[in-house]
Amino acid sequence: MGSISVRAVSKRFETGDVDVTALEAVDLQVRDQEFVTLVGASGCGKSTLLNLVAGFETPSSGEVLVDGAPVRGPGPDRGVVFQQTALFPWLTVEENIAFGLSLRANRGKGEVKPIVERLLERTGLAAFRTRRPAELSGGMRQRAAIASVLAIDPSTLLMDEPFGALDALTRSIMQDFLLELWEARRKTVVLVTHDIDEAIYLADRTIIMTAHPGRICEAIEVDLPRPRRYEMRSSAAFIRLRDHVTQIVRAEALKGTAPLGAPASPALVPSMTQSAQN
Amino acid sequence: MSSKLAASALASRPMPVAGHGRSRRLPEVLQYVVLPLAVLLLWQVASEIGFVRRNILPPPSEVVLVWYDLITGSTDAAARYSGTWLGHAWASTWRVFVGFAWGASLGIIAGLLIGLSRVVERMLDPTLQVLRNIPVTAWVPLSLVFFGIGNAPAIFLIGLGAFFPAAINATHGVRQINITLYKAARMMGANERELLRRVILPGALPSILTGVRLSMGIAWVLVVVAEILAVRRGLGYLLNDAYLFYRNDIVIAAMLSIGLLGFASDRLVVLLRSALLTWNEKETFGGEH
Ligand SMILES: Nc1ncnc2c1ncn2[C@@H]1O[C@H](COP(=O)(O)OP(=O)(O)OP(=O)(O)O)[C@@H](O)[C@H]1O
Ligand SMILES: [Mg+2]
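Residue numbers (our numbering), protein chains in the order written: chain A, 1 to 278; chain B, 1 to 289.
Simulated from the structure, these hints should not be mistaken for lab results.
On a predicted model such as this, the values are computed, not experimentally measured, just so you know.
Virtual Cβ for every residue (Gly too), placed ideally from N, Cα, C.
Among the clues, some could well be false.
If we take Cβ atoms under 10 Å as the criterion, some of the chain A residues that face chain B in the derived model are [said to hold, decoys possible]:
(1) 13
(2) 76
(3) 86
(4) 100
(5) 134
(6) 151
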């Protein structure tokens, strides 16, 4: 439960008079319980791809299937963890975690109290249960947000730069925390990040995307043993993978920039001729 | 220089520090009363030394005596107005609350609908924006023609005035709700009803209550306007009638009565606000006290 199949998906955004092609002919298969990370330069369509799977956007062409059925809007089978933590400021930590379970759509997913209790324990937030989100640290907030999504027990977790706003130390602690949760209760995970170390450390498979238009350029199997340990980051295998991914991402990012020292920057020319034609 | 100023302004802001409550109590009371006392004293002195004529601006001591008789009817200082205060005050308060109730509740409903639906926005918003720019006092002639003399035009005008701030702030309240929260609730499977009841309404509540507070303030302004023109009871009527009979002491007593009742109603709204909102102001400068 939780396999994702993206087939020949393109996504265009109509913004005024210019159309932006955010994704073009993207194919991606994610197996049930696989941990996939997406990396790529800013603006290459990572969030767009995630939003298509989540059901917040619809593809311009192609189709997105989850467990073989086309995606029709967002639903509790695909839990989304947003970069901007989605906690209701008027609810306490405890009430936020219980929110999803108290909805009609999630009746029958079990008794609310024990589930909330277990998640408070697991996320180390039991002592802060009656606090409001504004009274928590960034890391605590993101833990609460993850707990509130896990409460409805989705078969798939979609995470858009979930730790992007955290400092390096908190971030690495949160990565281990996420892996620990995932080891205990495996789910399909698609996680967007721009941190290459994070992408490799967490993943079974890292997908590298390129921009303009957004495409999948390479998929790299991460054959590091599980469970992952922090020390693995300095292993030869990890460093080899990281250098490989970094090289591709950098090369792709540099394609979009002008060569150094060129007098009339060719990158500027197309846009200038374009505006002259208008 | 400017950072020094900012720092001292911050320092003079009493931060809620545990254990300091008792020793702070007395100076804090002084902070509240120093301005009113100074104004009263200056006013009394100005009157005593003959800086202003007593019949034009009677001193506070006289106003207090007249006010006392106005309420109790025991000294006859207020002559034919003696003991009429409660009737007038009740008439005004009643009008304010009835007008406010229909105006603000209709305003909240209209504002929420405009905020929630682009269709309703296109249908209602232009009309409301034009009507909003007509001062409510400009409605006086027409409302007198339509409703005649009495409570009806007063309640109409007050409701009209209360409507707009409630509507505009309710719309704003819906619009400023964080889209991520809305998406998160939909992702978890919330249906339309749950979205409205558990995301939209609580999210818009702070702004709605701000609108309600503004509406209440406007209601007290308009009750006076309406009572001067349309009725024979109420503090606005008392004020105008006493003015026609050169009783400026009673005019001032009526003005202060309106001020105090308006203040009390505002406190009521603020009380309601703090009962309903325990979360909103945690992260703001104003939320600390
Ligand atoms: N709602 C939208 N309307 C118009 N254009 C959009 C919209 N959403 C995304 N785009 C465009 O689509 C492209 C891909 O955007 P997307 O947000 O998916 O990038 P991203 O890879 O997530 O970037 P980042 O790493 O900076 O978050 C960008 O060029 C962006 O301008
Ligand atoms: Mg993004």
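Each hint tested on the structure:
1. Below 10 Å, beta-carbon pairs count as interface contacts, and residue 13 of chain A has none with chain B, the closest being about 16 Å; its hint is therefore violated.
2. For the restraint placing residue 76 of chain A at the interface with chain B, the shortest Cβ-Cβ distance is roughly 4 Å, inside the 10 Å limit, so the hint holds.
3. With a least beta-carbon distance of about 4 Å to chain B, the hint placing residue 86 of chain A at the interface is held under the 10 Å criterion.
4. At its closest, the beta carbon of residue 100 of chain A sits 4 Å from a beta carbon of chain B; the interface hint therefore holds under the 10 Å criterion.
5. Interface hint status for residue 134 of chain A: upheld, as the beta-carbon distance to the closest one in chain B is roughly 4 Å, under 10 Å.
6. At about 9 Å, the closest approach between the beta carbon of residue 151 of chain A and any beta carbon in chain B falls short of 10 Å, and the interface hint on this residue holds.
Consistency with the previously given hints fails for number 1 only.
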